[in-house]
Amino acid sequence: MNPEQVKTTVTTTKDGTILYKSSALTVKVDDNDVTFMDRKGNVLLAENGFGHGNVAMTRPEYADIAVDQGFDLDADEPLYGIGIQQDGKMAKSGTYRRMIQGNTDDYCNIIQSIKGYGLFWDNYSPTTLGIEEGKFYFTSENAGCVDYYFIWGGDADGVIAGIRQLTGTVPMLPLWSYGFMQSRERYKSSAELTEVLDRYRSTGVPIDVMIQDWQYWGSNYLWNAMEFNAPEFSNPERWIKHIHDQNAKLMISIWSSFGPMTKPFRELQPKNLLIDIETWPQSGLTDWPPRRDYPSGVRPYDPYSKEARDIYWNHLTRLFNLDIDGWWMDSTEPDHMDFKEEDLDLPTAMGPWRRVRNAFPLMAVGGVYENQRSMANGNDKRVLILTRSVFAGQQRYGSNTWSGDVQSNWNSLRAQVPAGLNFALTGNPNFNSDLGGFFANSYNERSQDGSATQNPLYQELYVRWMQYGVFCPMMRSHGTEVPRELYYYGSAGEPVYDALLGAVKLRYTLLPYIYSLAHDVSANNGTYQRALMMDFRDDRNVWNIGNEFMFGRSLLVAPVLEAKYTPERAMSKSRSGIGNVDFIEPKTTKLYLPAGTGWYDYETLQMHEGGQEIERSVNIKSIPLYVKAGTILPIGPDVQYSTEKPWDDLEIRVFSGANGEFCLYEDEFDNYNYENGAFSTIDFKYDNKARQLTIGARNSSYEGMIQERTFRITVVTDGHKREVKTVTYTGKKIKVSL
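If you count the sequence shown from 1, position 306 lands on 382 in the numbering used here, and the numbers rise without skipping.
It is possible that part of the hints are untrue.
Claimed, not checked - Quick list of the computed label-pair ranges, beta carbon to beta carbon:
id	residue 1	residue 2	range
1	S567	P346	30 to 40 Å
2	D109	P79	21 to 31 Å
3	A100	S295	57 to 67 Å
4	N390	T802	47 to 57 Å
5	N695	N517	20 to 30 Å
6	D414	N311	50 to 60 Å
It should be emphasised that the hints constitute simulated quantities derived from the structure, not laboratory data.
From the three backbone atoms N, C-alpha and C, an ideal C-beta is built for every residue, glycine too.
Build the full structure now, drawing on both the sequences and the hints.
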């Protein structure tokens, strides 16, 4: 990006201090430090020099190229961001960690403060972040100079807007990517994969995407060959067509590494475009534990090289040309087995790996996005990338980052909520986790009772994780050791199955809201999962709440994150001692409603005033969901996939008690024509005092747009919902008295 021209005045004091003043900020620069102040002179952030020289003492071999910088913190000033971590913390006070990309921890080098500023530490090498009482600091091992951006936004949304102005905005993802996705580690044949989809269709479980994990390419020596070499996946044209004929999409696993017998490996190796580290898998055999006497020879490629990125894509076109819809880019951190510190000094196309280590996922993901967009037909299908790692700016590449191979337990579920919220505060809005957790073997029983699918301990955990997933930008069920397909958990009329199905169906009724929110994210720098401090900063009670969040600006989600019916730990892999579990028996959960507005219980429609903790009755089917007074919420049709029915008969649900507005967004759902104006928006505004809803004139248009439609207007008051009027809308402004 090119710097904007900003009117500033520059003055120098008698002691040599330089003051730069604009209409928004004053920056003071003296011999030692830089201080940032608002236009009234209040200090926002000040360097304190803390840490100078520490790197040289701990790692003398990097003393000449290591950099560090300290900053002051107010006594009660929380910081947020950093990326995705599994520490369960919302505010990051007391954090000390060496930030280097890993399987379940991802780093973006961006923090932001409750005071409304952000800081992007623009360094790609392993970096230590310390946040202590009254100060925080960054220490990077390979840079040569301190390089950071101070971002003044005034509030969290302003900081996010600044981050995206600096590092890239968010493209629209396809509508189908917001539907339910089913995965497993792994489907062992195309027949197994398609059978799951067929069974979902026959049982009426809505689904949009099937995902195929690894080894469709054959042996580990053919790791990530980007071809269907395994006999069990032969004739891919036929079974991929079957998936599409069933109105579903296919996402497929690709990696950042290649086996020695693959075509990509043999093209990359002579050009020195592989990084010589041990990565997954380490054995060419599939035995477990790995047979190290049969080394796999798998190596990650060098994504810092444009030539290597192009080679990667050229081989990936074999799959692209088969009409595969999305890329699951696994191990983009990448896996670094048998880690040795000296490995970080291996060469890459951009210098020593230590200097650019943490940008590996940014380069790898960016290579796929940019190459697909450059194809002659690359704009016909939106890029959708699921990836395991991330760096600052990756939001511009059509990617959604998941939290890695997390454990299936309650602590891990609880950790996902603040992990996703802090990730969003780095400007990256797209986050998800393996619904149910990845490693679930501890819930498999050794008794005759069967697998975890029939174990109440895992059933309860899986339901609650699935309910949380309704309100993630991607809703994707995945894991190992235990099948996740819904039909393994009972049948209609049984509480666990009904709870899982209810979560999926709720997701689909919210699609018009979610897709309109996606437009807000793309066009207006919005955020899906919003930490409560974003919207209710004046309520200090929410500053460190990491178990609730806003989904968009209207829905408050307080997922049940504690076991109510079973012990939280699997007991000797057996149900013995648990007894019969009545998942419909009423239990209670506590949650906090932020101050400054009224809140409607989505299920009971009961109204509550904000600024208080309440206790709510729940059973296994319950999702504590609250709607902000003044919300205008579109309710979508009951469908089996996202585009099954047009949105020509939407319920528009108005929650009274405050003024409100909403922008309904629609386009062609899976191409980039929206970038050239092919979309439509309809603005809704509610005047609470006048009891009047205004439906504005439609803005813009696209091919196939609904020309005439019905809106069924319903109004929610405390404990009641009533249908007021059904109106026919042809694109002209309408006022509806309520």
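Structure-based check of all given hints:
{"no.": "1", "hint": "S567 with P346: 30 to 40 Å", "in the structure": "violated (57 Å)"}
{"no.": "2", "hint": "D109 with P79: 21 to 31 Å", "in the structure": "holds (23 Å)"}
{"no.": "3", "hint": "A100 with S295: 57 to 67 Å", "in the structure": "holds (60 Å)"}
{"no.": "4", "hint": "N390 with T802: 47 to 57 Å", "in the structure": "holds (54 Å)"}
{"no.": "5", "hint": "N695 with N517: 20 to 30 Å", "in the structure": "holds (28 Å)"}
{"no.": "6", "hint": "D414 with N311: 50 to 60 Å", "in the structure": "violated (39 Å)"}
In terms of the numbered hints stated before, the structure departs from hints 1, 6, listed from lowest to highest.
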